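> Protein sequences appear in the order of chains B and L.
Okay, so the first sequence: first residue is 1 according to the working numbering, each after it adds one.
Okay, so the second sequence: first residue is 1 according to the working numbering, each after it adds one.
Misleading hints may appear alongside valid ones.
Sample of chain B residues facing chain L (criterion: CB under 8 Å; computed from the structure) [claimed, not checked]:
| no. | residue |
| --- | --- |
| 1 | V17 |
| 2 | N126 |
| 3 | F143 |
| 4 | H144 |
| 5 | A148 |
| 6 | N231 |
These are computed hints drawn from the structure, not numbers from a lab.
All values derive from a computational prediction rather than experimental measurement.
Virtual Cβ for every residue (Gly too), placed ideally from N, Cα, C.
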Amino acid sequence: MGFLDQFWQLTVDGLMVGSLYAVIALGYTLVYGVLQLINFAHSEVFMLGSFGGLFTARALLPGDGSVPGGLASVGLVALGLGAGAVCGGLAAFTLERVAYRPLRRRSAPRLAYLISAIGASLFAVNLAGKEFGRQNVDLPDLFHNGTAFRLFGAAVSTQSLVIFAVAVAMLVSLDRLVAGTRLGQGIRAVAQDADTAVLMGVNVEQIIIVTFVVGGLLAGAGGFLYAMTFNASYSMGFVPGVKAFTAAVLGGIGNVRGAMLGGLLLGLVESYGGYLFQASYKDVIAFLVLVAILMIRPSGLLGERLGRAA
Amino acid sequence: MRRRPFLGTVALAAAVALSAAACGSSGGGGSSSGKETITIGFQGVLSGDNQQLGLNALYGMRTAIAEVNADTSSPFELKLVESDDAGSPDQGPTAAQKLIDNSKVLAVVGPMFSGATKASEPAYTQAGLLSVSPSATNPSLTKLGFRTFYRVIAPDTVQGKAAADYVSDVLKARKVFSLDDKSDYGTGLSAALEAELRARGTAVTHDGINPTKDYTSEATKIIAAAPDVLYYSGYYAELALLSKALKEKGFTGKIASGDGSLDPQYVAQAGKSAAEGTYLTCPCGDANSDPKAAAFVASFKKVNKGAKPGTYSGEAYDATMALADVFKKLGKGADRESVVKAFADVDFQGITKTVAFDSTGEVKGSNVFVYQVKNGAISVLGNTVDLLKS
Numbered sequence: 001m002g003f004l005d006q007f008w009q010l011t012v013d014g015l016m017v018g019s020l021y022a023v024i025a026l027g028y029t030l031v032y033g034v035l036q037l038i039n040f041a042h043s044e045v046f047m048l049g050s051f052g053g054l055f056t057a058r059a060l061l062p063g064d065g066s067v068p069g070g071l072a073s074v075g076l077v078a079l080g081l082g083a084g085a086v087c088g089g090l091a092a093f094t095l096e097r098v099a100y101r102p103l104r105r106r107s108a109p110r111l112a113y114l115i116s117a118i119g120a121s122l123f124a125v126n127l128a129g130k131e132f133g134r135q136n137v138d139l140p141d142l143f144h145n146g147t148a149f150r151l152f153g154a155a156v157s158t159q160s161l162v163i164f165a166v167a168v169a170m171l172v173s174l175d176r177l178v179a180g181t182r183l184g185q186g187i188r189a190v191a192q193d194a195d196t197a198v199l200m201g202v203n204v205e206q207i208i209i210v211t212f213v214v215g216g217l218l219a220g221a222g223g224f225l226y227a228m229t230f231n232a233s234y235s236m237g238f239v240p241g242v243k244a245f246t247a248a249v250l251g252g253i254g255n256v257r258g259a260m261l262g263g264l265l266l267g268l269v270e271s272y273g274g275y276l277f278q279a280s281y282k283d284v285i286a287f288l289v290l291v292a293i294l295m296i297r298p299s300g301l302l303g304e305r306l307g308r309a310a
Numbered sequence: 001m002r003r004r005p006f007l008g009t010v011a012l013a014a015a016v017a018l019s020a021a022a023c024g025s026s027g028g029g030g031s032s033s034g035k036e037t038i039t040i041g042f043q044g045v046l047s048g049d050n051q052q053l054g055l056n057a058l059y060g061m062r063t064a065i066a067e068v069n070a071d072t073s074s075p076f077e078l079k080l081v082e083s084d085d086a087g088s089p090d091q092g093p094t095a096a097q098k099l100i101d102n103s104k105v106l107a108v109v110g111p112m113f114s115g116a117t118k119a120s121e122p123a124y125t126q127a128g129l130l131s132v133s134p135s136a137t138n139p140s141l142t143k144l145g146f147r148t149f150y151r152v153i154a155p156d157t158v159q160g161k162a163a164a165d166y167v168s169d170v171l172k173a174r175k176v177f178s179l180d181d182k183s184d185y186g187t188g189l190s191a192a193l194e195a196e197l198r199a200r201g202t203a204v205t206h207d208g209i210n211p212t213k214d215y216t217s218e219a220t221k222i223i224a225a226a227p228d229v230l231y232y233s234g235y236y237a238e239l240a241l242l243s244k245a246l247k248e249k250g251f252t253g254k255i256a257s258g259d260g261s262l263d264p265q266y267v268a269q270a271g272k273s274a275a276e277g278t279y280l281t282c283p284c285g286d287a288n289s290d291p292k293a294a295a296f297v298a299s300f301k302k303v304n305k306g307a308k309p310g311t312y313s314g315e316a317y318d319a320t321m322a323l324a325d326v327f328k329k330l331g332k333g334a335d336r337e338s339v340v341k342a343f344a345d346v347d348f349q350g351i352t353k354t355v356a357f358d359s360t361g362e363v364k365g366s367n368v369f370v371y372q373v374k375n376g377a378i379s380v381l382g383n384t385v386d387l388l389k390s
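Bound conformation, chain B alone:
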């Protein structure tokens, strides 16, 4: 079976994973845009959101192992997404309060933020490991999963369709939020020049909090989607976190549309690469592409800065 026979199947798989990377990558890019710092604890926001959504869905499921259908499925997915988003948002809010704001008040050097983030990340991982156990946790089927339709011969499952559709809906609404609302205007103003934004009457502190929370909402809901396919575990954040960070850099960190493009591209490259070479080289290929693109375009595909590009 050659690569070309499987091309569309791999494309479908790659877009599904890539859309998740994109959703997480937005959290990195938004925070970088306003604060010029990489929030390395973002992967744990994703993990906590994932558990929040998973436990909510499990609690609402009938205990007999039957798969719900129809409106019940829609409701369960919506509630799971909502719970994941709320947990992610809360986690991001707490993170900003505990790990970042005290440093900002003291005008700490940049390195201190990094160490603070790593500390918060380690704490969250181990707390989750202690509370939720160190085994992978399965998210039971919330709807009848199977091939929804075929695209050029490639099977598109209901699940990947749901994941892709929800992820794209989130990406589009975020893009609208940043580009078209007053809040988005504030975010862009702070990103362009925080000092001038203050003079123009923008409440910078508030914008920073909102940025963290929006990133957390997306990551939390993304975590719930991720658990549908890949299960949840206390250590689940690290790899998708690194991938999403890569996606953000690939597209141009600080650039909202760049993060989306970077995520989808990374998903596709991984999917093709994993098939062409051994699956274990998937990560190697993804990072090779990153290095190659950064050599040609050092500021990413679409360039840096939230303010200018969005």
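Chain B is already provided as a structure; the job is to place chain L on it using the hints.
Using the frame of chain B, we list chain L on its own:
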């Protein structure tokens, strides 16, 4: 200057902690009943994704120790020291060193995973400390000159061959996709499986993938190859994700795997529908359904707060009991060296098998069993010797 009192507090706290620790360890040795105390170590996977397998073995060991200590005719009491290697080769030597440095430890049950065992054994051999693994099945382990290494489980050559026979004769597979996790355990098992399949003229596709979360492209690859049976040589956390990915993509072949995946956690993590029908081979019997092991199951549940024995529980129990047997024969004054010597000639009737070794350190006579996930539970189908006959 403001920091001074704080530093002082830390120093004081450290001093208190240290002296408490010192008192704690000096309190050991003697015991209330006046019996001699013999300390044995456990090295295994007590954290990480495949922690359940480590707990299974540890609980089996605790059961054996509780039985020995409750036996008034036993001339000694056993004490357990645990050491966690997370199942990883990197952490193996450190975990082994912890037990070696504890001069009271006379023998060790473990290490558990083949990779960690390979990394840890040089230290044990150098220290002359006996280690009896309940679960490390990589074939090469007994051929590397580790004079202190024994295992109470058959190597993967035995399991791989039996699994291949079962897959081609009973499951009637013409085409098999053999996937391993590139670990010492996985590659050893897949090599043994593939050798036997090729010898029988069954078509084999081999692939290896390091443990990951995302098995979507691997699933696409497997489905494109359209095998009758996929045999995964690896552990349950990964097989669960692989099964989920295969089910989502509508894989119609059969899924099979080895002892590393034989755990109820596999079904819990894959979800009942993705795990349903999976075949699992293991050179280990199922204590829960073996009438001869009923006493062990009852005592296991009592010691471990109602937990049921799992994969490797029986093996760890047997390894501990065989050690106790050796200690009994050696009498007072046993040391590490005499324990290593005496263990080579052990002949002990355990619950999983007779613990006795041939000259290479392999356990004599061992059966491979086949299990299947039915209605969300793993149930035993039988011994491959019998299954192949029918």
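> Now, for every hint given, state plainly whether the structure supports it.
Hints and how they fare:
no., hint, in the structure
1, V17, "holds, 6 Å"
2, N126, "violated, 11 Å"
3, F143, "violated, 12 Å"
4, H144, "violated, 10 Å"
5, A148, "violated, 11 Å"
6, N231, "holds, 6 Å"
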